[in-house]
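*Asks:* Put chain B on the given structure of chain A with help from the hints.
Residue numbers (the numbering used here), protein chains in the order written: chain A, 1 to 428; chain B, 1 to 172.
Keep in mind that a hint or two might mislead.
To be verified - Pairs of lysine to aspartate or glutamate, EDC-like flavour, derived with a Cα cap of 16 Å:
id : chain 1 : residue 1 : chain 2 : residue 2
1  : A       : K169      : A       : E386
2  : B       : K66       : B       : E129
3  : A       : K135      : B       : D25
4  : A       : K227      : A       : E246
5  : A       : K335      : A       : D288
6  : A       : K135      : B       : D81
7  : A       : K335      : A       : E386
8  : A       : K285      : B       : D25
9  : B       : K159      : B       : D148
Unchecked claim - Cβ-to-Cβ under 7 Å is the rule here; a few derived chain A residues that face chain B:
id : residue
10 : F140
11 : R147
12 : H151
13 : K271
14 : T283
15 : S284
16 : G293
17 : Q404
Just so you know, the hints here were simulated from the structure itself, not pulled from any lab data.
Beta carbons: idealized from backbone N, C-alpha and C, even for Gly.
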Amino acid sequence: MRKHSEPEMELEEVAGNGLLHRRIFLNRSLALLGAGGIAGFSGPTAAGVEVRPHWMRAPGAGMSGYGSPSRFEQNVQRTAIASQPGTNGSGVSRTPLERLEGMITPNGLHFERHHSGVPEIEPDAHRLLIHGLVKRPLVFDMNAVVRYPMHSRIHFLECSGNSRANLGKSPPALSCGAIHGLVSCSEWTGVPLSILLDEVGVAPGARWLVAEGADSAAMTRSVPIEKAMDDALLAVYQNGERLRPENGYPLRLFLPGYEGNMSVKWLRRIKLTAGPAMTKDETSKYTDLLPNGKSLQFTFPMEVKSVITTPSAGLALNGPGLYEISGLAWSGLGKIRRVEVSADGGRTWGEAALTEPVLPKALTRFRMAWRWNGGPAVLMSRARDESGTLQPSREQLVAEKGVQFLYHYNAIQAWRVAPTGEVSNVYA
Amino acid sequence: MFTRSLIALAFMSAVTMPHAAEGPDLGREATPAEIAAWELDVMPDGSGLPPGSGTAAIGAGVYASKCQSCHGEQGAGRPNDRLAGGRGTLASTAPVRTIGSYWPYATTVFDYVRRAMPYTKPQSLTDNEVYAVTAYLLYLNGLVGENDAIDARTLPQVKMPNRNNFVPAYTQ
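Bound-form chain A, shown alone (with noise of 0.2 Å):
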């Protein structure tokens, strides 16, 4: 957490227990914050601080082929790692979403959820067979492949399973990136799949596609003709370079805003059929049971969501003074809108700061200034997506969904803040 030193000025409230404007970091206030002296960033006079450290009195280290993140950010992992019993490939990792900033995940941070295991597969010996209902079946290698005209965009990728934790009785004691670190978004480069279906030739009566992964579950999920042709992508890259194995190399599907386990990775055939194949992961597993025993089927979108990522569990804070508030939005149903933070519980509500650039199913950073003075607070965030579609509040969501669900978690997150300035989960 940045802890700046207050400015002698009036400060702007947005809402209750501190809220402030943010214009209080720009401009005209920042020139008083440098005055004052920003507390962590004042430097020389700190003990234990040379003035010319001996980084800078020997040359420093030489190029390399790959670079790494400093030996300083090796504590930055994925988190909470988990595998079926007796596996360590059937399970998760998660993104550290406190350690991380701006939009775009680093590619060894992206979520992870397998099924059995990441393949090692050779780019050669892979292919992708494209048949069932279409006029010419067809095989492409992945020379085949990168010849065809690419698309990149920007956006999130989340499992359905994500923020499940909080379905528990009690709060779990959890970092943010512990329970909501099952999204994280990238630039995915590759060809749209409409491109490769117009040319094996969609034969009438084709109305879902069945994709298979070449993992050794041979994941399997079954994907709406209407989402293939309008924003499907056959991924081949990930923020620049190939796919990471573990993020579907060579070749992956990737659906916009749809819940992650569509986006089906080592992606091997896809088969064109009149209706759903009704796979254990579409059927056993990605349904979300409600109280009365009926369960809903079918339930693709990501819907609108949001999480303050600092401070948040596990963090603290140092002290009273003004802080910058920062998180995540998204939605699979497009842009984020707007998103507002709490820091009284949800008693009162100021408008947060959206950074630029704000893309329709991408992670979004939200920003808010926030003067602590030391007492209690929770800190809440709640985003709505130009669907209009509002995030709801835990209890809202439990009041329609119950608490067996599972999948498509979405409520709103709140963090108390002791006055020691250690932050946990709780339900607000």
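*Replies:* Coordinates of chain B only, in the frame set by chain A:
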């Protein structure tokens, strides 16, 4: 003059003749034999089910040697997913989701076991073994008899108790 009319001609043709979308067309046509070798999908109507058959009586042995260490005796679960029982629990505060209590289609059992199980050695069972272990799992859930022959014709006919409790959130 010549250049200008050529440009005019090019412009006219661009406007008047719809340009067909063109891809590089780099796919190689797949043969029926190739497709058959790749194909794994079993649909709810039973299409995609291979020849062969099995019974629960035979499947009990396959299960004991290939499945039980992860899924427990008689599908009781632990360390991994429970596969049997749980009927009538879905609307309770402790729902138990098993093949018998939750899965809407029996064909999915065959499809999943054939493609992904056993976890450490997927696609190692013969089609007859997959039919047999599918029969055994359905038998444990009281859905077929111990000696019923389960095959491409009978499997899609198995009535799954929770079949009508799925509400599609997506409609075309």
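*Asks:* Holds or violated: the hint that A/R147 contacts chain B, with Cβ atoms closer than 7 Å.
*Replies:* Where the cut-off is 7 Å and the nearest Cβ of chain B is about 5 Å from A/R147, the hint holds.
*Asks:* Given the hinted pair A/K135 and B/D25, is their alpha-carbon gap at most 16 Å?
*Replies:* With a Cα-Cα distance of about 14 Å, the restraint between A/K135 and B/D25 holds, given a limit of 16 Å.
*Asks:* Do the alpha carbons of A/K227 and A/E246 lie within 16 Å of each other, as the hint requires?
*Replies:* Violated. A/K227 to A/E246 sits at ~24 Å, over the 16 Å cutoff.
*Asks:* Take the C-alpha atoms of A/K335 and A/E386, compute the straight-line distance between them, and say whether it is at most 16 Å.
*Replies:* holds, 5 Å
*Asks:* Does the closest beta carbon of chain B sit nearer than 7 Å to the beta carbon of A/Q404?
*Replies:* holds, 5 Å
*Asks:* Take the C-alpha atoms of A/K335 and A/D288, compute the straight-line distance between them, and say whether it is at most 16 Å.
*Replies:* It is violated: about 25 Å lies between the C-alpha atoms, which goes past 16 Å.
*Asks:* Please verify whether B/K159 and B/D148 have alpha carbons no more than 16 Å apart.
*Replies:* Holds, at about 14 Å.
*Asks:* Once the shortest beta carbon distance from A/H151 to chain B is found, is it less than 7 Å?
*Replies:* The hint is violated - A/H151 has no Cβ within 7 Å of chain B, the shortest such distance being about 14 Å.
*Asks:* Next pair to validate is A/K285 with B/D25; report whether the Cα-Cα distance is within 16 Å.
*Replies:* This hinted pair is violated, its Cα atoms lying about 37 Å apart.
*Asks:* Does the closest beta carbon of chain B sit nearer than 7 Å to the beta carbon of A/S284?
*Replies:* holds, 5 Å
*Asks:* Holds or violated: is the Cβ of A/F140 closer than 7 Å to a Cβ in chain B?
*Replies:* holds, 5 Å
*Asks:* Quickly compare the C-alpha distance for A/K169 and A/E386 to 16 Å and report which way the hint goes.
*Replies:* Distance ~32 Å between A/K169 and A/E386 Cα, so the pair is violated.
In summary, the structure is inconsistent with hints 1, 4, 5, 6, 8, 12 from the numbered list given earlier, while agreeing with the others.
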